[in-house]
Amino acid sequence: MSDQEYTPKSKAGKWFNDRLPLLTLGSHLTDYPTPKNLNYWWTFGGILTFCLLTQIITGIVLAMHYVAHADLAFASVEHIMRNVNYGWLIRYIHSNGASMFFLAVYIHIFRSLFYGSYKSPREVIWIIGLLIYLLMMATAFMGYVLPWGQMSFWGATVITSLFSAIPLIGESITTWLWGAYSVDNPTLNRFFSLHYLFPFLIAGLVILHIWALHVPGNNNPIGIDLKKPSKDTVPFHPYITIKDAFALLLFMIIFSGFVFFSPNVLGHSDNYIPANPLVTPAHIVPEWYLLPFYAILRSVPDKLGGVILMFGSIFILFVLPWLDTSKVRSAVFRPMYRYFYWIFVVDVLLLGYMGAMPAEGIYLVLARIGTIYYFLHFIVVLPVVGLLEKTDPVPMSISTPVLSSGADPALAKKDYDKI
Amino acid sequence: MIRFNFKRLIIVILSTLIFTKPLLSAETIDPIKVNWSFKELTGKFDRASLQRGFQVYKEVCASCHSMQYLSYRNLGEPGGPEFTQEEVKAIAASVEIEDGPDSQGDMFTRPGKPSDKFKSPYPNVEASTAANGGAYPPDMSVLVKARPGGADYMYSVLMGYEEPPAGMKLDDGVYYNKYMIGQKIKMASPLADGIVEYSDGTEATMDQMAKDVTTFLAWAAEPELEERHRIGFKVIIYLILLTILVYLSMKKIWSRIDSEI
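Going down the list, the protein sequences come from chains X and A. For the first sequence, this note's numbering gives the first residue as 3, with consecutive numbering after it. For the second sequence, this note's numbering gives the first residue as 572, with consecutive numbering after it.
So that you can see chain X by itself, here it is in the shape it has in the complex (with noise of 0.2 Å):
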């Protein structure tokens, strides 16, 4: 991997390395050549490792005060709240913990997008980071139904019910991931033990991911590919192992905020009320992140064809390196890409606000409208964009950003400022 091989000082060091090159591996990654013009952008990969562990080392210790069974499950983590020494600490910063590493994530999934850092050469980078985040949402959902609370119960119920709208098998699968006739008991121990297995697969992932980025190296601001090492990298170590700290404390700040002085801000109220099958709440509704998702599935009138679409609406982002035809990476010089991406952002915002709203009325024609856009931009916008658009000069290095080519300097600067 590294470029000159990695000798350690010491004769213990040495034979230990001759056996096991752990050595070798963290002197890997702390030379690790990094463009130095990364942006604060790039800083969520850092702050999103630290949301991972976060939620693993609270989780455990929540697991070893909290009863998976459906009539101990709401009074378990009452008793963790009040009687456990700094339970409601460890609680909100988990529940609040999964908000924050989701607001990470998002960041970083439109960073990506806005930068091109799904195309070639690092598409495997993109499909391994979006099972993780398939994981991490079915981790999430499975989360929320644990403290047994309405929205619990009847969020599990919902999502579960899903399944039945598969033709012919629906209702035996149903009836297989339920464990009973209806969301109960065995439901609960079942997403009690994957809740508990999935950070393990998602940390399994997270090593490819980086594992993945490594062969590559980084992309950057202006999606150009870099000789390693040059004058345009910096080692991994000290570099971006400061900047990635400086800010994973203010996204700490931020965190802390949430857990200290709003810990239920994010979640509903009604999940305070204990789960009972024969009281449906009014508005049956996700946690914040899976909103968009929601609203697409509700926007189908038709029960297969909104789970198809919701699938539809994840799937599709695995194919999204081959959709997009232009062979520039960075927004920054595609000024044609640049305004639809942000009319993406705002589609998705949309998308999200009407999943929290009731669907009737407006609301309904709105999410409808979102929902044809969303595959629009994939399906149509992208690869017309990368085929009728002309971009914007692209620099041929970090260090010598303005170009003369028959090119506007002052354009190519001007976009480079923006960077």
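Everything labelled a hint here was simulated from the structure, so no lab data went into it. None of these values were measured; they are calculated from a predicted model. Check the hints yourself; a few may be wrong.
Coverage of chain A stretches by chain X, computed from C-beta distances (three or more under 8 Å per stretch; other residues unrestricted) [as the list claims (entries may be wrong)]:
no.: 1; segment: 716 to 730
no.: 2; segment: 793 to 806
no.: 3; segment: 814 to 821
Take a look, some chain A residues computed to stay more than 12 Å from chain X by CB distance [what the hints assert, rightly or not]:
no.: 4; residue: 603
no.: 5; residue: 640
no.: 6; residue: 653
no.: 7; residue: 666
no.: 8; residue: 669
no.: 9; residue: 670
no.: 10; residue: 672
no.: 11; residue: 701
no.: 12; residue: 755
no.: 13; residue: 758
no.: 14; residue: 763
Cβ atoms here follow ideal geometry from the backbone N, Cα and C, with glycine treated the same way.
For this one, chain X is given, so just place chain A on it according to the hints.
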């Protein structure tokens, strides 16, 4: 080509959505905004109000509403009503708790201890539903967290009983309350001036009792609130100082190369 300012467009769309939401949402009235002492970032509970609120809970609410996740010892813990240990023991001892089985296999009753959970007025949900005209009086342990308006909503419902508007027919045992969803409630107005005689001499007006009992319920739902605020301040100040130090280190390290960060 006209250059749209997309950031501005996003702000306009989002603010339109946010500001039209209250206009379009279901026909509930916004609860009365009360300036609670525990609301701000450094907020603390009013100790005297908590103690009075407990008295209202014990003498009024507790005849129907359970509070099963609280123990009598919580009443003496820091950040709560902070009754003295003797007072807590006396409060606990004033109820009969069923315990057992003893060595003969029989259940028996004994006076409560501080470690006991609050005694529920009914043995189970079915009994409380049957005794209250088919409407189950919800457990009050986390009630303030379980309602969208929180403490403001709780106070508003207590103060929101009115004569129903002309033309509105109410069944027996159903009351009009303008802050409830659907404006109907199966609980009769629990408070009236003077139904409690405060031991600290405060005049027991309806408004005073509603505020006191809501404060008590807010503490019951979030007994950690004061500690949470206190730790939160320390954590955030620590993080800000560390952030400044890391920022300065970062500037120093990056000054070795020509690039701006």
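Okay, the hints, checked on the actual structure:
1. Figure legend: the segment 716 to 730 of chain A, annotated as covered by chain X; annotation consistent (5 residues with Cβ-Cβ distances under 8 Å, at least 3 required).
2. Evaluation of the coverage hint for the segment 793 to 806 of chain A: fulfilled, as 8 residues show C-beta separations to chain X shorter than 8 Å, against a requirement of three.
3. Using a Cβ-Cβ cut-off of 8 Å, 5 residues of the segment 814 to 821 of chain A lie near chain X, which meets the minimum of three, so the contact claim holds.
4. With a least CB separation of 18 Å from chain X, residue 603 (chain A) remains clear of the 12 Å interface cut-off, as annotated.
5. Once the 12 Å rule is applied to beta carbons, residue 640 (chain A) is inconsistent with being away from chain X; the minimum gap is 4 Å.
6. Residue-level check passed: residue 653 (chain A) sits 16 Å from the nearest beta carbon of chain X, beyond 12 Å.
7. Residue-level check passed: residue 666 (chain A) sits 20 Å from the nearest beta carbon of chain X, beyond 12 Å.
8. Every Cβ of chain X is farther than 12 Å from the Cβ of residue 669 (chain A); the closest lies at roughly 19 Å, confirming the non-interface assignment.
9. No Cβ of chain X approaches the Cβ of residue 670 (chain A) within 12 Å, the least distance being about 19 Å, so the stated non-interface status holds.
10. Residue placement check: residue 672 (chain A) keeps its beta carbon more than 12 Å from all beta carbons of chain X (closest about 21 Å).
11. Even its closest Cβ contact with chain X, about 16 Å, leaves residue 701 (chain A) beyond 12 Å, as expected for a residue assigned away from the interface.
12. With a closest Cβ-Cβ approach of about 14 Å to chain X, residue 755 (chain A) is found to remain outside the 12 Å limit, as its non-interface label requires.
13. No beta-carbon of chain X comes within 12 Å of the beta-carbon of residue 758 (chain A); the shortest separation is about 17 Å.
14. Remark: the non-interface label on residue 763 (chain A) is consistent with the geometry, its nearest Cβ contact in chain X lying 28 Å away (cut-off 12 Å).
Comparing the model with each numbered hint stated earlier shows that hint 5 is the single one that does not hold.
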